[in-house]
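Respectively, the protein sequence lines represent chains A and B.
According to my numbering, the residues represented by the first sequence are 1 to 242, in order.
According to my numbering, the residues represented by the second sequence are 1001 to 1353, in order.
Keep in mind that the hints were calculated from the coordinates and are not lab data.
Virtual Cβ for every residue (Gly too), placed ideally from N, Cα, C.
Do not take every clue at face value.
As the list claims (entries may be wrong) - Pairs of lysine-lysine, BS3-like flavour, derived with a Cα cap of 30 Å:
1) B/K1296 with A/K112
2) B/K1200 with A/K8
3) A/K97 with B/K1186
Said to hold, decoys possible - Reference listing, derived: stretches of chain A covered by chain B, where coverage requires no fewer than 3 residues with Cβ under 8 Å from a Cβ of chain B:
4) 49-55
5) 79-86
6) 103-113
7) 203-213
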Amino acid sequence: MSHDEVIKVEGLTKMFGDFAAVNAISFEVKKGEIFGFLGANGAGKTTAMKMLIGISHPSSGRATVAGFDVYTQAEDIKKNIGYMSQKFALYDDLTVKENINFFGGIYGLTRKRIKEKSEALIQELGLENVANQLVGALPLGWKQKLSFSVSLFHDPKIVFLDEPTGGVDPITRRQFWEMIYKAAHQGTTIFVTTHYMDEAEYCDRVSIMVNGKIEALDTPKKLKEQFQAESMNDVFLKLARG
Amino acid sequence: MLPIIFILPLLQLVILSNAATFEVKNIKFGYIDNDRSATSRALIEKFGASTYFNVLQAYPTQIRAGAAMLRGEVDVVMEIPQQFARDLQTEQHHTLGVTINAIDGAAAGVENVYISQIVQSYNQSIIIDLSQISDAQIQPVMIETIPLFWYNETLNYKTFMVPGILVLLVTMITLFLSGMNIVREKEIGTLEQINVTPIKKSQFIIGKLFPFWAIGMALLSIGLIIAKLIFNIPMLGSLLLLYLYTSIYILVVLGIGLFISNFTDTQQQAMFIAWFFMVIFILMSGLFTPIESMPKWAQLMTEFNPIKYYVEVMRMVMLKGSGFLDILPQLIKTLVYAILMNGLAVWSYKKTT
Ligand SMILES: Nc1ncnc2c1ncn2[C@@H]1O[C@H](COP(=O)(O)OP(=O)(O)O)[C@@H](O)[C@H]1O
Ligand SMILES: [Mg+2]
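Chain B extracted, bound-state conformation (with noise of 0.2 Å):
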């Protein structure tokens, strides 16, 4: 017990203050170029330069460059029209349409002010570059973004924690109860009891799991009902989506708190685990940190985090509308984890020691 009072949270330290920054970095940049003049390839480079921004893509349209946004292949959308660099000379002052994915809304934010920033910059070397072409006047010239946040247009701070709320207590709940539950019993001794009976190790397991996954199921109804009753929350996709995924996501974190329980013998020792993974599942989860911001290692460690793959659901369902095939990738993922871990679950649960 010892060595894991010090050595678990030295562990978070080392982690989650290189990972859990509130930094968005890595962003995923798209333009929509109708001008293709050497002034909006300029303007586009200076994206391309800034550290906080990656991945240019260019789309023909607006419409491909929403369906990408819809995918999550594009944070941020700029489209430059038509004539850009001549209405540029002849009026100084031209607006720029900015679409950004707002549905985690702090990370949105952000990005607005990088491109704002780095259109000033832009208007800046204008300026210079105008003077030295003519002695003539200078006239200032002023390049402005107009925002749209798309799938949280007001920037709610609302829409788009709640749903990862809702994540959170389904999961803090069902994880604190299955990873105290058989140690409880190891406890009081009923565990013994159950040791010498002929019960298979399997029926054991799927008959201490079925009671905690409908409490959880009852807490995702509870919780979608006050976020819809008092905080409005949008709910744009499928209901009957949301609760196939969560049914599956439950079972994972089950299968988490279950293997904790088999490996310890007090339930103190299975709090302090359980709340380890905890911390480290919430705070990577992207909830707070935008995934991409965090640096490679700490990405590939969410690839193992199941609270990153509920938070994207969740959101992308309730606040995208997305449908089954766009939450494949992560219903797959989940059920494959859920697999494994009450796998593990069956396996670690010793009715000889």
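Pulled out of the complex, with its shape left as it was, chain A reads as follows (with noise of 0.2 Å):
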């Protein structure tokens, strides 16, 4: 075993009732990784990365995250992640501005950092002119964007994506994973999920799950090969069909 492995997973489930929503999945990510989690709409991804980011039990398996383990070490995990729900949740009731600083605040940032950070943040989004304005008010992909910055704000070994990209333009969706491109060139890791095949193709390695386990796992090159497609959507395809 190396120590590159941030993520380790081993037979991790979720069961609601009867249902199994994650159904024994096993997998690693390494460091500086961008790891794809696809899967369609239900497949499971965000159940299964409520888990890892500790505010979900497992029903059973392994999983350890940033080295601390998902049952008895959550709040260790929480110290060193970063969180986009795939559900837009900044305070819409606040400014941008009040938005960082108050999620900059949580995680311990001294008043200065957040102050230096933050400037330097609303400049590269090019929010100057909206940093007082409330985030209620603000287009959706600029909202993705903020959100995705302030996931990262406090310098988190890992960032969890839950479909950052979700109901965006193709524009921003491009802009976005540039984003994302820039954070994992500065050693973060990112584990996202999606449901848009042509960004599997941007990931180092990718996970495809269906109903609830993964049906393959692999870089995007070689799950072509290996399923003969000229496309991530066609590896999808057929392992959908069966």
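Put the complex together from the two separate chains, hints included.
Next up, the structure:
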């Protein structure tokens, strides 16, 4: 075993009554990797992610994130990760700046550090003109970018992105992936779910989840060879047909 | 949700129709018997026989009786003057001083009527007695009572209601705000974002409490100003004491609100449950129905009603001028309650489901 693996999952399962939303999945994610966690709607991506980020108790199986156990060290995991929910989850009734200050504060950043970082961030996102406006009034694409930046604000080791590009236009999606690359380049491990198969091409490695199980896991290139497919979309279709 | 919709209102129906009546019962009756005659004892026994009065307590002096009333140990004190029996024979007319605790004006009014009725029936019985003793011309005997209402001399409805209404305002706003709060964050998804941060549960709850606490204190201040300016309600006791008590009391209410919020999934559910408790708390607070008039089981329930303590303290401090030691029992119970409810709020807030 190498120390490069920042996420290790073995037989992780989540039952809702008799229904296995996540059914004994196993995988590992290496440090600095962009790991695509693919699957159709309802495949169990969000459920699996919630177990990894320590807000949902697994029914069985094992998992460690950043070296901490999901059962017993959830609060330690939380210090080392960022999370962007699939539902927009910043405070609509706070301004851009207030949201940044608030979440920066929770992670224990000093006032000075928050001030420096937030100024740089607002500039980078081009939000200077709306920095003192309520977040609720921003267009969805801007909200998503802000939300991503807030999840990275405390320099986490791993960031979990749940359908970060859901519902945004292709140009914004493109920009979003540039931001993801930039974060990965700085050494952050990216764990990203999506049901857009074309986005899978941007990932170092992808897993494909079908009905709670991981049916395929490899680099996009190898998966295309394995399934003799033109694109990741074809891989997915072949998998789905069984 | 469906069981809640039916069970909670039915519970309210059963509890409240038994507990929250407008009858005044179990009135704590005291007397000062300066005459110590058969006549005076017979009169006192009349009160003992009544189902409305109990705890017949003798006081040696008006001062001792007054002190007992301040402590809330007695509701009504009747003073029988020296030579009562003899004067009654010679003059056939007598007046009796009755002091009634009118901090709850509605109850005081009812008590005064009861007292008059008992004295009337006593008058009747003396007339009959006299007619048996002698064939002499029967003079009608008349005892009249002259009530003296303490703490609210004119039985001004507003004097005893405004402090109570103020209690309700502070309580309702803070309970509903806190009850809706966490559950609202659950609905919009921000709670999940908070739950993935390393924030401590107690930090989160304290962060939630503080703004509502400040709102509650501000409401009290505005309410007190209005009570003074518009209703001219007296403020006999210490404002500081009132603020001290309120600052702890609001924590109880907020703890209950946050506890409800943690256990519900939608604002609708939270609102429903908050209303359920609110209605029971209000109607069993002693604001409308005196607690002493309630059946024993209902009285026991009121021990867990924070509004009851606040109504008591508010009336005691504002109308009686009670001091720190007088309200100490309420203060301690409220403090324990606050610790308990906020402990439960922290405990029931789960970062991992
Ligand atoms: N709290 C829950 N209770 C019951 N079923 C759930 C719950 N959360 C998710 N599910 C079910 O689990 C399955 C996987 O959901 P989810 O993880 O949200 O899928 P994805 O994120 O891949 O779209 C779905 O069928 C969903 O209905
Ligand atoms: Mg999902």
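Evaluation of the provided hints:
no.	hint	verdict
1	B/K1296 with A/K112	violated, 61 Å
2	B/K1200 with A/K8	holds, 26 Å
3	A/K97 with B/K1186	holds, 23 Å
4	49-55	holds (count 3)
5	79-86	holds (count 4)
6	103-113	holds (count 4)
7	203-213	violated (count 0)
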